[in-house]
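Read off the chains here:
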Amino acid sequence: MRCTQVSIDTIRADIQAMKDGEAKRTATKEMKMAEGMMVSKDREGCVAHMHNAMEAIEE
Amino acid sequence: MRIWLLAALGTLLAIVAFVSVGLYGGFYNVAANIPHTAWVYSLLQTVRDRSIAVRAADIVVPNDLSDPKRIVSGAGQYAEMCSNCHLAPGKKRTEISRGLYPRAPALRRGSRSTPAEDFWVVKNGIKMTGMPAWGVTHDDKILWDMVAFLRKLPELTADQYRALVENSPKTHHETMQESSTHNRDSANLSPGDLRSSP
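Taken in sequence, the protein lines are chains A and B. Under this note's numbering, read the first sequence as residues 1 to 59, first letter to last. Under this note's numbering, read the second sequence as residues 1 to 198, first letter to last.
Please keep in mind that the hints were generated in silico from the structure rather than gathered at the bench. Among the hints, erroneous ones may be present.
In silico DSSO-like links for lysine-lysine, alpha-carbon gap of 30 Å or less [unchecked claim]: (1) Lys-91/B x Lys-19/A; (2) Lys-69/B x Lys-123/B; (3) Lys-170/B x Lys-141/B; (4) Lys-123/B x Lys-19/A; (5) Lys-29/A x Lys-92/B; (6) Lys-29/A x Lys-91/B; (7) Lys-170/B x Lys-152/B; (8) Lys-69/B x Lys-32/A; (9) Lys-152/B x Lys-141/B.
A short, non-exhaustive set of chain B residues, derived as facing chain A with CB atoms under 10 Å [what the hints assert, rightly or not]: (10) Gly-26; (11) Arg-98; (12) Arg-103.
All C-beta atoms in this analysis are idealised placements derived from N, C-alpha and C, irrespective of residue type, glycine included.
Based on the provided sequences and hints, a complete structural model is requested.
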């Protein structure tokens, strides 16, 4: 997985389809952090938060 | 009074112009790989949920949805008709499930919808989501079997799901053939009548 807008959009679409609850809140929070890190060019941090978001999605 | 009228008219014209430019200017991106903004998604979700709830309100739910025969029959239909998009226990995400937007819900995770709402959705489909209207080609009995299975699906492990599908009495093709024979007999038509019909 790479820190790109396409990957972020894909995960955001997955989050939108989640039922409301703790997992969705966690995934949303992680993606906000990932997007923040993409803006500040911290690719590794961005990918780490995207992974966390995906784990929450798969829970 | 006159100035208020002119102001109201001006405001109305401005709104119409704004909406027209927005619609015809092609500004809104309809690409499936760019998610809706949160408020558009929320608006569409509310419209969808209310539309389904209102239309499903009068549907009479059969009282035998927990009948194992219905569930096992529905499992076979689900595996062939639904699992590519909605996935199943033990099934990894497919290419189509990754690309659909809005995402088809992973039904093994359960839902808050009622059996009547599930039936309505399966039968009528949902515009601009990729969800087809299975009622165009399937009779209600088959669709209720699927609803019966959907109620059971969140409880199933991968092994239980596989066993149900393997024990499904007929393939989808056989079910459809039987259904069309039954419908033909019900209408008291011969195969020749069907072939000659326009």
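To see whether the hints hold, each was checked on the structure:
1. Lys-91/B x Lys-19/A: holds (20 Å)
2. Lys-69/B x Lys-123/B: holds (20 Å)
3. Lys-170/B x Lys-141/B: holds (14 Å)
4. Lys-123/B x Lys-19/A: Holds, because 23 Å separates the two Cα atoms, which is no more than 30 Å.
5. Lys-29/A x Lys-92/B: holds (25 Å)
6. Lys-29/A x Lys-91/B: Given that 30 Å is the threshold and the Cα spacing comes to 27 Å, the pair holds.
7. Lys-170/B x Lys-152/B: holds (19 Å)
8. Lys-69/B x Lys-32/A: Measuring from Cα to Cα gives roughly 47 Å; hence the hint is violated.
9. Lys-152/B x Lys-141/B: holds (17 Å)
10. Gly-26: It is violated, given that the least Cβ distance between Gly-26/B and chain A is near 19 Å, above 10 Å.
11. Arg-98: holds (7 Å)
12. Arg-103: At 4 Å from the nearest chain A Cβ, Arg-103/B passes the 10 Å test, so the hint holds.
Of the numbered hints stated above, those contradicted by the structure are hints 8, 10, listed in ascending order.
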